[in-house]
Amino acid sequence: MANRAFKITPVIGAGAGAILLLLALILGPLWALLWRAEGPATLGVADWAAVRFTVLQATLSAGLSVGLAVPVARALARRQFIGRGVLITLLGAPFILPVIVAVMGLLAVFGRGGIISAMLGWIGLPPIHIYGLHGVVLAHVFFNLPLATRLILQGWLMIPSERFRLAASLGIAGRDVGRILERPMLRDVLPGAVMVVFLICLTSFAVALALGGGPKATTVELAIYQAFRFDFDLGRAALLAMVQFGMGAVAAMVMLWVAVPPTMGSGLDRTVERLDAPVAWWDGILLAVISLFLVTPLLMILFDGVPNLFSLPSSVYLAAGRSLGVALMSTLIAVVLALILALMVVRLRRGAVLVESIGYLVLAASPLVIGAGLFIALFPILDPVALALPLTALVNALMSLPFALRTLVPAVRDIEASYGQLADSLSLTGWARMRLVSLPRLRRPLGFSAGLAAALSMGDLGVIALFSDPESATLPLQMYRLMSAYRMDQAAGAAVLLLGMSLMLFWIFDRGGRANADA
Amino acid sequence: MLTLEGLEYTQGDFSLRADFAVPVGARVAVIGPSGGGKSTLLNMIAGILAPTGGRVLWESDDLAGMPPGMRPISILFQDNNLFPHLTVAQNVGLGLRPDLRLTVAQKDQVETVLARVDLAGYGGRKPAALSGGQISRVALARMLLRAKPLLLLDEPFAALGPALRDEMLDLVAELVAETGATLLMVSHNPEDAKRIAQSVVLVSDGVANAPVETGALFADPPAALRDYLG
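Note that the protein sequences, when read in sequence, are chains A and B.
In terms of this note's numbering, the first sequence has 467 at position 467, counting the first letter as 1, and numbering is strictly consecutive.
In terms of this note's numbering, the second sequence has 553 at position 34, counting the first letter as 1, and numbering is strictly consecutive.
Rather than coming from a laboratory, the hints here were simulated on the basis of the structure.
Just so you know, these numbers come straight off a predicted model, no measurement behind them.
Computed Cβ-Cβ distance ranges for the label pairs, DEER-style: (1) R413/A x A624/B: 37 to 43 Å; (2) R413/A x M589/B: 20 to 26 Å; (3) R165/A x D532/B: 32 to 38 Å.
Note that CB positions come from ideal geometry on N, CA and C, so glycine has one too.
Excised from the complex, chain A in its bound form:
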C-alpha cells in the first residue's frame, strides 16, 4: 500500500542483503581480476576482432530472429489449426533446451555429415560448412526465433478483437488494417524483442565454443575463457571482462529505455478474429518450415542417441549425478533469492524499476567473468577443484534470477492486491503471513521458477568449462568432451540423457507447484 508507513521490516532487510550480494557477485569478480592481473595489459588485434565478431553476430542473430518471427507470429495469430497449441508450447521449449544438445542436433542437420549435406551430395554439390559466423548465427536463430515469436505473438493478441471488428465495420481491409492496427503494435513490441535477443547473443559462450572458435569467430566470452584457461593471462581476461560488461551495460541501458513486452505471459491460445483475413496460403508453408527447423534437430538427437543411452561410459553417468546436484543447489539459491527480492520489491514504491534493473544487470553480466573472478578471489583460501561445482551452482542461480523475478513479482503483487488488506486486518505479519498466505499462494509461480532454474542449470555449459577437471565435469561438459573427441555415438547418448533430465526437472518442479493448488 502506497500509504503504509515505510518501516525496515525483515523483508526489506533481507532484500537489501540480497541486492548487496548480487552487486558483490557481479562487480566483485571484475575487481578481483584487475587486482590479480600482473602489470598493465592491452588488448591485441585478436581481442578487438572478438569484440567486432560479438557485436556482428549478435546484431545478425537479433535481426534475423526478429525479422523471421514477425511473419511467423502473424501466421500464428490469425490461423486456427490442429496442433497450434502444441506448436506454441514447442516455441517455449528451446528456452530450457541445453545449448550443447541443440548444437549437436543442428550439426546432425546442417553439419558436414548432416542431412542437408547428404542431400547436396546426391546432386553433386559439396557439403555445407557450419563452423564460423553462419553456424553461430544459425544456432542463435534456432534458440531465439521461438522466443521472439512468442514476444511478438503476445503483442498481436493484445490488440483487442473489437478493434479488428471496428476496422471491418468501417470497410478497412488488407494493407490498411496492417497500417492502422498492426504497425503501431509492432513499433511498440519490436525494439524490446530485438534488444532481448541481442543481449542474449551478446553473452553467448557455449554456441561460440562449439560452433565458432578460431581467430575469425571468437566471441568476447570465448576470448575470456581462452585467456583464463589456456594463457592464464589474468590482466587480459580482466580487460576483456570489462569490455564484455561494458557492452552488456550499454545494451541493458537501451533495454531499460525501450519497453520489453512480458515474456512469460499466458493466454497465447487465443487467435485474433480477423473478419478481413485474406486466405494467406503462405502462412501454412511458413509454419511448416519453422516447425521442421525446430523439430528436426531434436528428432535427429533422439534418433542417434536413444540406442546409445544405456551403453554410455560411467564417466557420463557420474557427470549426470554431479549435474543433478548442481542443478538442485542452484534452484534452491535462485528461488530463495528471487522470493526475497520479489517480496521486497512489491513493498517498495518504485520496485518495478529496481527489478528490471537487477534483471538486466544480471543478463548483461557475463557468467564467465563472475566465475573467473570468484575463482581468483577464492583460490588462495580454498581448493579450486572443490570450488568448481558450488561456484557453478551459484553462477547458474544468478543467471536464472531475472526469469524467476519476472514470474514471481507479478504473482506477489497480485497476492498483496487481493489478500493484503485481509491479512493486515487480521494482524497476519512476518513469518506467519509468509507461511500461511504468501508461500501457499505462490506455489505455482514458485514451481515454475524452480523448474526453469533447474533446467537452465542442468543444461548450462559456461562457468564449469573454466574449471574443466575430469573429476568435476558436469553432464553438458562431459558431452562436449565426447563431441570434441569425435565419439559422436556416445555424445548423442549423453545428449538424450541431458535433454531428458532437463525436461524432467522442469516438469517435476512445475507439476509440483500445480498439484493441489487451490485457485
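Given the coordinates of chain A, assemble chain B onto it according to the supplied hints.
The following block gives chain B in isolation, referenced to the frame of chain A:
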C-alpha cells in the same frame, strides 16, 4: 464511542470529510452514491488508508499509526474475506491467532462459533466448496471470534441474492445484539439500512454527514438523499 475528529482524505479531485461520533452499540448504515467515499471512510477507520488530516478515536484512544489488525476493529470487505487455500477452520482460527498455532481449547472455540453460524462440521472444507452465503457466515464466525468492539462491513453481502442478503443482515443484527458491538455498514440499498440500522450516515458531495435516525431520515430525506434515491 467512535469519534471522527475533522477526519479528511484528499487525493487529486477526490476529497472526503467526516466530523461526527457514533455511540457504543449503535448500528449505523453508510449510504450514498458510488464513488462518493463510503469505502474510503471505512478504510480510514480500519487503518487501511491513512487520512490526510484529522483523527480517529475509539473511546479516548487516538488510533493513528496503529496497524489495522491491532485496532479494536473487525472489517469485512466486498470480497476476498477468506483465504482460498486455507480450510474453513483455519480461516476462522486466524481470528484467534494469526500464526494459527491453536490450543485444543481454541480449536473448540472455533467449532463453537462455526456452530453458532450454522456451519458445524464444515471446518475441514475449503472456501471453494462453499456457497456464497456460507462464505459470508465463515467470515462472520471469524468476526465473532475476534470479539472486537467495532464492526465494519464494506458491502460483504453485495453479491448475494436479496433473500440471502436479508438473512445475513438478520444474522449480523443478532450477533451484534449478543456481543454489544458497534456496527458501521456500507450499503447502496436503502432497504438494508431500514432493515437493521438505527441511524444512517449519508456520504455525498465530499462529506460524510453525522448519523441521522433512520426513520426520520427516510421520512423527510434531504436533497442529496432524494437525488440518490431518485
